[in-house]
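So the chains spell out like this:
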Amino acid sequence: MFNRRKMLLWGAASAVLPGLCASMTAWADDAVKIGLILPMTGGQASTGKQIDNAIKLYMQQKGDTVAGKKIEIILKDDAAVPDNTKRLAQELIVNDKVNFIAGFGVTPAALAAAPLATQAKIPEVVMAAGTSIITERSPYIVRTSFTLAQSSTIVGDWAVKNGIKKVATLTSDYAPGNDALTFFKQHFTAGGGEIVEEVKVPLANPDFAPFLQRMKDAKPDAMFVFVPAGQGGNFMKQYAERGLDKSGIKVIGPGDVMDDDLLNNMGDAALGAVTAHLYSAAHPSQMNKDFVAAYKKAFGNRPGFMAVSGYDGIHLIYEALKKTNGATDGDRLIEAMKGMKWESPRGPISIDPETRDIVQNIYIRKVEKVDGELYNVEFATFEAVKDSGKTKK
Amino acid sequence: MASILTNLFDGVAYGMLLFVLACGLAVTLGLMNFVNLAHGAFAMAGGYICAVLVNNSGWPFFAALPLAFVGSAVIGVVLERTLYRHLYSRSHLDQVLFSIGLVFMSVAAVDYIMGSSRVFIKLPAALEGQIDLFGVGIGRYRLMIVVICGLLTLALQLILAKTRFGSRLRAAVDDPRAAIGLGINVPQVFAFTFAFGCGLAGLGGALSAEILGLDPYFPLKFMIYFLIVVTVGGSSSITGPFLASLLLGIADVAGKYYVPKVGPFVIYTVMIVILLWRPNGLFGRTAAR
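Top line first, the protein sequences correspond to chains A and B. In terms of my numbering, the first sequence opens at residue 1 and continues consecutively. In terms of my numbering, the second sequence opens at residue 394 and continues consecutively.
It is worth saying that the hints were derived from the structure and are not from the lab. Wrong hints could be hidden among the right ones.
Said to hold, decoys possible - Straight-line Cα separation of at most 25 Å, SDA-like style, residue types lysine to any residue; simulated pairs:
#, chain 1, residue 1, chain 2, residue 2
1, A, K322, A, D30
2, A, K323, A, E72
3, A, K386, A, G192
4, A, K216, B, I643
5, B, K515, A, K62
6, A, K341, A, D64
7, A, K369, B, S396
8, B, K515, A, K166
9, A, K386, A, P202
10, B, K515, A, G267
11, B, K654, A, P202
12, A, K166, B, S396
13, A, K70, A, D30
Unchecked claim - If we take Cβ atoms under 7 Å as the criterion, some of the chain B residues that face chain A in the derived model are:
#, residue
14, Q523
15, A554
16, T556
17, Y650
Predicted, not measured: the structure shown is a model, and the values here were computed from it. In this text, a Cβ means the ideal position worked out from N, Cα and C, and glycines have one as well.
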């Protein structure tokens, strides 16, 4: 009796299982899955939301099929905690069998997923994190955002050439802040500039007052600033409150501080700040105007540089799939991505075939009022800037 | 010289702000003997109420400030009547667990409703910039904080020491049973005190948005600062936390200005030294309760 039941069970299982497997492979064949890991909650949530929005917008515009395959996005929230990133990446790769992992709001998150991309041989498209070393950690990493070296070196070069001789620096004391400071210093002092005061502020800094007073007393021509995007507004308000704008001390820095996302809420205090960055919502190309209009219409606010990085990231995935004719072999996809050039809302960009990092124009912009709103208006362009963090080696 | 005075002024303003934010906690912890780690959540509520009124409904800033107080106080009363009341007689660990849970819920709720990015309150032009007083730069906004907080402190001290309500509250704290026997409505006194503390926190939250920044993580980020003020000041009176706030504010600003490399540690060093010297805080009671 017992035996017969067991046999029946086995029989049922063997009848069903092959069918299941067959249907699974058939399904996998015409779908490409992208595991999108972003901080959707927590302090970095605005990064995640921008990227997620931009990808939705892109797929709305271009359709969700490429080279005969349906694109499926699986969004996971890591709250910018690297332990979560690693676990989620593993789940996505092993259980969901994704063909790409993408997103990554902060550097530690991108690094945590790197060994998994190498092991699984699938492309990791970094759409936000900005430290130089990231793309060196796995041959499967491609980046569509930026590196801090790109904007910091350029603003250093620009400052020397434009009559700024003495600079005081104020940077947040964490990896990106230190990166920004080092690269700026190298280029600024190499050009003959002088750093008169160097202050690192703690990351969870409640009040900028004492640091700003120190800046004021040092009487520099300009101050170089890097604080996490969220703190930019508070910083600029206190800068104006202390009358630093009137004492002729300009604010310069990489453009993260003047993120389009927050800029308009900073108030007139921000007027006149000069920053170097990859993208401004006021970039004067037709493509960007369309992009900004579509984004505003869909989500009710202005896209920032994170949105553009996400938009370009999904574009890169689409184009790579077109090139491989829908094949999802990791090595072939990475080969296809190397050296790819295209026109983005931010301007012409390409993927460096050697480092798999992004090559893009860096614009010098000044905060001005356009139609009653604050924008970063571009006035000088440094073309096709590579990541100098790597080109030195 | 001028920059020393400017720093001193900034320190005083920062300390005053800390005081308004934390004195509600001193009241609940010291007078009612309840550990309320969710105190910052009421401050955050006040900040957001003020921001919504000013930015979205076009209220003037000075009209929105009292509403931040009232709004937070109302939230405080509702929570006190429904939740906190049941925990007065429980152990401190239960109170800590309960209130920290409340903090996380408030963070998630605000994140969901208001979004996670920082909120700025649009200020009237009269509050922007600095005025020059004998060569000393005085920020207008900070000056306003000093004035408002100074008046509040005086009023609080008077209420506690001179009014009938003040003596009822002190009686209710010292011996609730005897107080009830004398006809004092102890639960009502506690509820009112709790609400007042929450209201003060709300006002502090609205005032601090400009200087400390306002986002959903506010209660977690500044919990430490509130606790430092209360532990250093001792929680038996209003004077203790007040002096502690001033001391910490000035020490923090001076430390960051003169020794920026170790600046952030100054406030903690001061705390440790004071607690080694006087374990119950500057004005703490010597007898353990």
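These are the hints, each one checked on the structure:
no., hint, in the structure
1, K322/A to D30/A, "holds (14 Å)"
2, K323/A to E72/A, "holds (19 Å)"
3, K386/A to G192/A, "holds (23 Å)"
4, K216/A to I643/B, "holds (19 Å)"
5, K515/B to K62/A, "violated (40 Å)"
6, K341/A to D64/A, "holds (22 Å)"
7, K369/A to S396/B, "violated (33 Å)"
8, K515/B to K166/A, "violated (33 Å)"
9, K386/A to P202/A, "violated (30 Å)"
10, K515/B to G267/A, "holds (8 Å)"
11, K654/B to P202/A, "holds (10 Å)"
12, K166/A to S396/B, "holds (21 Å)"
13, K70/A to D30/A, "holds (6 Å)"
14, Q523, "holds (5 Å)"
15, A554, "violated (32 Å)"
16, T556, "violated (34 Å)"
17, Y650, "holds (4 Å)"
When the structure is compared with the earlier hints, violations turn up for hints 5, 7, 8, 9, 15 and 16 and for no others.
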